[in-house]
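**Student:** Residue-level listing of the chains:
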Amino acid sequence: MMEKIVLPEIKDLHLIDVYLQNNGYTAVKKAYSQTPDDLIDQVKKSGLRGRGGAAFSAGLKWSFMPKTTNKQKYLCINGDESEPGSFKDRQIFEFNPHQLIEGILITSYAIQANAAYVYIRGEYHKWIKLFEKALADAYAYGFVGDKMKEKLGGNYSVNIYVHKGAGAYICGEESALMNSLEGKRGYPRVKPPFPAQNGLWGCPTTINNVETITNVPAIINKGWEWFSKIGEAKHPGTILYGLSGHVNKPGVYELPSGTLLTDLVYNYGGGVPGNKKILCVIPGGSSMPPLRGDQLEGVKMDAESLKAVGTSIGTGGIIVMDEDTDLVKVLARIAKFYYHESCGQCTPCREGTGWLLKLLNRISRGEGSTHDLDLLISVASNIEGNTICALGEAAAWPVRYMITRFRDYFEERVSKEVIIPVANKVHSMRGTAIPLAPIKD
Amino acid sequence: MSFKFTEENINRINEITTHYPGKQPAVMAALYIGQEQNGWVSYEVMQEVASVLEMNPEDVLGITTFYTMYHQKPVGKFHLQVCTNVSCMLRGGYKIYEHVKEKLGIDNGQVTEDKTFSLEEVECMGSCGTAPMIAVNEDYYENLDIKQVDQILESLKNK
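Top to bottom, those sequences are chains A and B.
In this text, residue positions in the first sequence follow numbering that gives the first Met the number 0: the first is 0, and each later residue adds one.
In this text, residue positions in the second sequence follow numbering that gives the first Met the number 0: the first is 0, and each later residue adds one.
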């Protein structure tokens, strides 16, 4: 049985006394006896990669923070988790909040930030309360805030604050998160400048995912070599896989990176209800390219292996769909989500997501034509790469890849014979052969 | 109808502003507190938030309309939020949603005549592993079937 790093099976670990009995807050003491550069180096060597979707090296990200600056530095913890299919961070808030706090203490010291904000999505009232309780206990025991100089020695202190979101998916994008924290509409910012140069209130800022930071105390306590040997070498450690959809035992499973997708679905997830075949699996939350049921054999769940089969690890949220699933409806629902969540800054995304939804709804009603499939891919391709943030890709990928990988399935749902009545010929050239008026010079 | 924060709520907002370098970052929390006191975020609430945090009322309006969790019209005593996103959809989210609609006789965004219930179809709430779900105000009810939904609605009616 593999050791669990982020969610160990220890009863009542969320209580500070239980956490202390289990070597809690020892990593932070060890970390504070070393230099910040040493810590960044260890995390870099450990190979820890971000668990929020981009899988970027955590240590490398920290090293981007300027060493000499007269500005305040900030740490943000991204707990906005709103990606459909992703529900891992709430487990950390509920079952292991102190390891997250300890991770924040170590990270903020490594980047020399004196304030850390934990941004938690607004719908998570219960988990915000649970985390705030843990944070209050950590303050009371002197691990956070002014008292930590006495408790942990040295001359460093940091304050941790919880910032509650209010239901905008886009605030999980790091620059939108910063705008939201500043008390503005959650619009993503143009990069560069990157947060490490120009982040919160124009100051150097690092933003990490909740799960990423929760790994840090273990790396400091047990050493980077130990961590780097868990799972796949290029994406080491354990990953919280969230299993949902048509599986018998949905839930969050902490397993080494590189665990076989089929192992997750059939052994841990207990297989598909009614022993049905799998039609489609989305391996990393709804924005990632879906895989066909016949593509799953031998697929390992880590960033590099998934990249090789044309998809991505994302947040590790695996959505399983059985053979009776209506993929058109599923894709239309995904499109509706991105249409709803587009912040409206960039025209390709604001308008394109609406067109994707309209076209998919038309196919869903049985009024789609073959031409609509190509039109969907064309609209998706025109969103991708033409927006400030990655929501454009998140909206385009599911459509583009679902239609490409399930072309036959979608062809069956559309018909060449479908002719949409055209009310106003001036506004629609569809199905007509009216030559354009010649252009005069 | 004018709106003023209670003294206790003013103190709460003032405490929250100490978390940040300025006053404006407390706007999201202040809007929540206004919603809690008033039941929904009216223009008067936005004006009060703006004056307390020394912001333009237009900016507060911009923030209120950007985020979905600020109610810009009155909601019922129990605000039901049903998730119909993919993971819930695959496990019967729409069945639950349609059932609640039929049972209460209201559509998305509407309030029952007695003002007890309001309904909202929401995006992913992070209950994918425990789908389908309904959130009643701030509480999650998960792993639901139609029978349990009926029980929940019944018990809320008597509250």
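Just so you know, the hints here were simulated from the structure itself, not pulled from any lab data.
Be aware that one or more of the hints could be misleading.
Claimed, not checked - Taking CB as the label site, the calculated pair distances span:
hint, chain 1, residue 1, chain 2, residue 2, range
1, A, R291, B, Q36, 51 to 61 Å
2, B, E112, A, N247, 19 to 29 Å
3, A, T25, B, D138, 44 to 54 Å
4, B, Q36, A, H370, 37 to 47 Å
Said to hold, decoys possible - Pairs of lysine to aspartate or glutamate residues, derived as EDC-like cross-links and limited to a Cα-Cα distance of at most 20 Å, are as follows:
hint, chain 1, residue 1, chain 2, residue 2
5, A, K335, B, D106
6, A, K335, B, E119
7, A, K132, B, E14
Just so it is clear, CB atoms sit at the ideal spot from N, CA and C, and this is done for glycine as well.
**Student:** Out of the numbered hints, which ones does the structure contradict?
**Tutor:** Numbers 2, 3, 4, in rising order.
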